[in-house]
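Given chain A, put chains B, C and D in place with the hints provided.
Protein chains in written order, with my numbering: chain A, 1 to 122; chain B, 1001 to 1495; chain C, 2001 to 2094; chain D, 3001 to 3155.
Because the hints were derived from the structure by calculation, they are not lab data. Hints are not guaranteed to be accurate.
Footprint (simulated), chain A over chain D, 3 or more residues, beta carbon under 8 Å [said to hold, decoys possible]:
#1 3011 to 3020
#2 3105 to 3116
Some chain D residues well away from chain A (every beta-carbon gap over 10 Å; in silico) [stated by the list, open to error]:
#3 D3007
#4 L3008
#5 Y3027
#6 D3058
#7 R3065
#8 S3067
#9 E3068
#10 L3070
#11 N3071
#12 L3073
#13 I3091
#14 D3094
#15 M3120
Covered by chain B, per the in silico footprint, the following chain A stretches (three or more residues, Cβ under 8 Å) [what the hints assert, rightly or not]:
#16 39 to 52
#17 62 to 75
#18 81 to 87
We treat Cβ as the ideally placed atom computed from N, Cα and C, and that holds for glycine.
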Amino acid sequence: MIEYLLVKHSYWFYIAMIMVGFYGMMAKNNLMKKLIGMNIFQWSIILYYISIGSKKGGTLPVVITGQAARAADYINPLPHVLMLTAIVVGVATTGIALALLVILYRKYGTLEEDEIIKAIKQ
Amino acid sequence: MSPEHYPSLIVVTPLMMSFIVFAAGLFNRRICYPLVIATLCACFYFSVTLLARVMQQGSPIHYYLGAWDPPWGIEYVVDHLNGLILVSVALIALLVGIYSRSIAAGEFREEKLPQFYTLFLLQVTGLLGMTITGDAFNLYVLLEIASFSAYAIIGMGEGAAAFAAFRYMIFGTIGACAYLLGVGYLYILTGSLNMADLRDLLPPLYGSRVLMAGFAFLMVGVAIKMGLFPVHPWLPDSYTLAPSSVSALLAPLFTKVGAYVLLRVLFTIFDPTFSVTVIPATAVLGWLGVAGVLFAGVMALAQADLKRMLCYLIVAEMGFIVIGIASANRFGLTGAVLHTVNDMFMMACLFTAVGTINACAGTRNLRDLRGINRRLPVTMGVFVVAALSVIGIPPLCGFFSKWYLVLGAIKAGQWAYVAALLISSLLSAVLFFRVIEQVYFAGHETGDGSKTVIDRIPLSQLAPMVCLALCIMLLGVFSGKLINTVIAFAVPAAL
Amino acid sequence: MNRLLSLCITVLAGLLLLYGVEEFPRWGDPQQPANVHVSPRYIEKTLPETGVPNAVTSVLADYRGYDTMFETSVIFTAGVAVMMLLRRSRGKKS
Amino acid sequence: MVRNLDDLIVRTCSRIMVPFLQIYSLYVYVHGHTSPGGGFQGGCIMAASFILLAVAYDIGEAKRRFSERLNALFCCLGVFIYAGTGAVSLIFSDNFLDYSAWRHILPAGPVMARYYGIAMIELGVEITVMAVMVSIFLDLVTAGEQEAVLERNHD
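Chain A on its own, in the form it takes in the complex (with noise of 0.2 Å):
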């Protein structure tokens, strides 16, 4: 049971946080936790793909030049290369949803989104 639990640790981890990101992002009422919420559901998208790329016995894949490269000798390049992008991404994610953050507080004072709502529909 352990054993089994070890063999697939990363992927646990990754699930956990992809439930608490996902419960933030729906269930909590303030803008910006939802937005914290919705950071830690794409980390932990990428940590998924992370766990992909990982290889026992692999270093890192940076080929030592002067001999031929073995592919079991260095981890898969290519979950670190889309995970870059999808870091990317988060990062734009976040500074758009920042900034509309700012318009709404700038227009309502709160970032409660019961108290939003409320003022959008009077």
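Just chains B, C and D, lined up with the frame of chain A:
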């Protein structure tokens, strides 16, 4: 440059021009608009050439970016299906681009205009790129470009637009992340990101639990982005409050390109046998479509705001497309593809008309619009043409796609689909005749200038609207030819 | 109500994830498909084909350089978006 | 929203650190070919140096060294370098982003042309990331009213 590079140029041109427009806007704001129009014209030319070449050679065009072979590098594929979508997207983007000039000038402060046009071009880049790409991860990146520009432009809208944009962003991020997770699940199983390669690698793995979960995530992600029924709540708010200059671009195109991505996932990444029989995905989608069509039809009836009504109509139209896909036979899919194209034009037409009405009358409330036909006869005429097409009056294009959808549903033996399609047509008939009655026949209002009204609208608004209405008629008249020459090859052969 | 619904959806999503993880390859398995199908070429050919020893850089900027171009465009989009949403200039209403 | 922090130690330390940060950023960019690093990381560090200036001094100090229009130009210059590097291959009727087309321009074989092409696009990434990060930071921290904040600090 030789035509073999058009697949990359069609995406790279608007991308590079968006930087140039942004830089030029720092020095001279007047130059932005002509640059944008020139770019969109170029895109339209590229797309038409591409479709013509695909039709001529009868097989897909492949383009390897960076000259790396597909599973390792990124590949662009143009076949009959996305060639058709590319032409429609590029044409509507061009017409809406022309249309946006005078509307945007009234909606944004002057110093924002270069930024607006930059985001407009980036939006077009994202949509065209999503359509043309043959790589699952590349699609995610382009989806995000299109989404980001949409969030920003919607956030600039009226009233509570910033809040609507934030909610859209939350939903959109869940959707994009679910899609990314789905791609990750496919990647861990196969080690590939290329759609064609995935299609070859996946069949032995059908039945794997990872694949099921991955498929579910892909479906959820795409459904959110296309505004399918249970996950649509972001759609009415954000598209209603978006600036009129761009809601005509966003509302028809983004959702339809989402529908196209759904088709790609169901029938290109996965084999039809998987989507239809191994997982009854199409059955689930079909019932969601039925529920969506009925729900959105009723909701649309309850709206007093003309634009919000159209937004619910979009949700209903997405239901139509999904019903066509769910029928999973040649008729149904032909109907779905044809309806995707038709609906782009119908919705673009309706949204541009409503944008002009809003700009002229200062309101979109149905009750305040009576007699508007006397001030805006052509705009209302265009509106009526599009409305009749949505209802499904024969010579217009909406009729033919609905005809194929109904045929497909009958052939699939799903009478609930047929009933939903017919009831929805009835609902939209009620909906639009209510509008037409309100505008044309509900009493006389003496045009005493109590409201500030422009009696003549600029040609840059009028011409695109009339073009769109003409497109609706032409698509109707030539729909048989379109089906025989293009869509017949776009439908997966296995069905 | 909202919280209960969110909790239900979260738990459902979690169950779906657990359902999938069940059949994942072991963590760090050198023989898992992700490590044997496409990626070996990136490691073995990066030096002869691109001259760059760092496989991450060669994949990022060359093999999948097109993704990275759009990644950079995403950053640019975000910059323009924040500018458009927030920036107000002097002379106008502030 | 933005207060002036008048602290000699903070100001002196950050002034000393800024050039090191910038050199380090260039190091990270140049060594992206042979060690972990690259344009994005380097750009973030470069942006951090400007943000440090803005935090330790005031927004005006950062903007005097890096004006708004220049920043906006840099934003699009970076991506333009990237896309332009790719578009050059179209002129030699190679596929888009095929850096080996640079062999017609640079004195290098197709493999080394790719090497230099990668260096060029990483430079583009670095420039854009740096400019956009600074721009987003300044916009957010002043809530978009850069001019107003500047005037207030000036008084």
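Each hint tested on the structure:
A stretch counts as covered by a chain when three or more of its residues have a beta carbon under 8 Å from one of that chain; for the stretch 3011 to 3020 of chain D and chain A the count is 0, and the coverage is violated. For the stretch 3105 to 3116 of chain D, the stated coverage by chain A is not satisfied: 0 residues place a CB nearer than 8 Å to a CB of that chain, which falls below the threshold of 3. Annotated as non-interface, D3007(D) keeps its C-beta farther than 10 Å from every C-beta of chain A; the closest such distance is 27 Å. L3008(D), annotated as away from the interface, keeps every beta carbon of chain A farther than 10 Å; the closest lies near 32 Å.
Distance check on Y3027(D): its Cβ is at least 16 Å (rounded) from any Cβ of chain A, clearing the 10 Å threshold; non-interface status holds. Against chain A, the non-interface label of D3058(D) holds: every CB pair exceeds 10 Å, the least being about 19 Å. Every Cβ of chain A is farther than 10 Å from the Cβ of R3065(D); the closest lies at roughly 22 Å, confirming the non-interface assignment. No Cβ of chain A approaches the Cβ of S3067(D) within 10 Å, the least distance being about 21 Å, so the stated non-interface status holds.
Consistency note on E3068(D): stated as away from chain A, and its beta-carbon is indeed over 10 Å from all of that chain's, at 16 Å minimum. No Cβ of chain A approaches the Cβ of L3070(D) within 10 Å, the least distance being about 20 Å, so the stated non-interface status holds. Taking the minimum C-beta to C-beta distance to chain A, about 15 Å, the non-interface status of N3071(D) holds against the 10 Å cut. Annotated as non-interface, L3073(D) keeps its C-beta farther than 10 Å from every C-beta of chain A; the closest such distance is 19 Å.
Every CB of chain A is more than 10 Å from the CB of I3091(D) (nearest about 27 Å), matching its label as outside the interface. With a minimum CB-CB distance of about 23 Å to chain A, D3094(D) clears the 10 Å threshold, and the non-interface call stands. Even its closest Cβ contact with chain A, about 18 Å, leaves M3120(D) beyond 10 Å, as expected for a residue assigned away from the interface. A stretch counts as covered by a chain when three or more of its residues have a beta carbon under 8 Å from one of that chain; for the stretch 39 to 52 of chain A and chain B the count is 6, and the coverage holds.
Remark: the stretch 62 to 75 of chain A is not confirmed as covered by chain B, as 0 of its residues place a Cβ nearer than 8 Å to a Cβ of that chain, below the required three. Against chain B, the stretch 81 to 87 of chain A contributes 3 residues with a C-beta closer than 8 Å to a partner C-beta. That satisfies the three-residue criterion, and the hint holds.
The structure is inconsistent with the numbered hints 1, 2, 17, although it conforms to all the rest.
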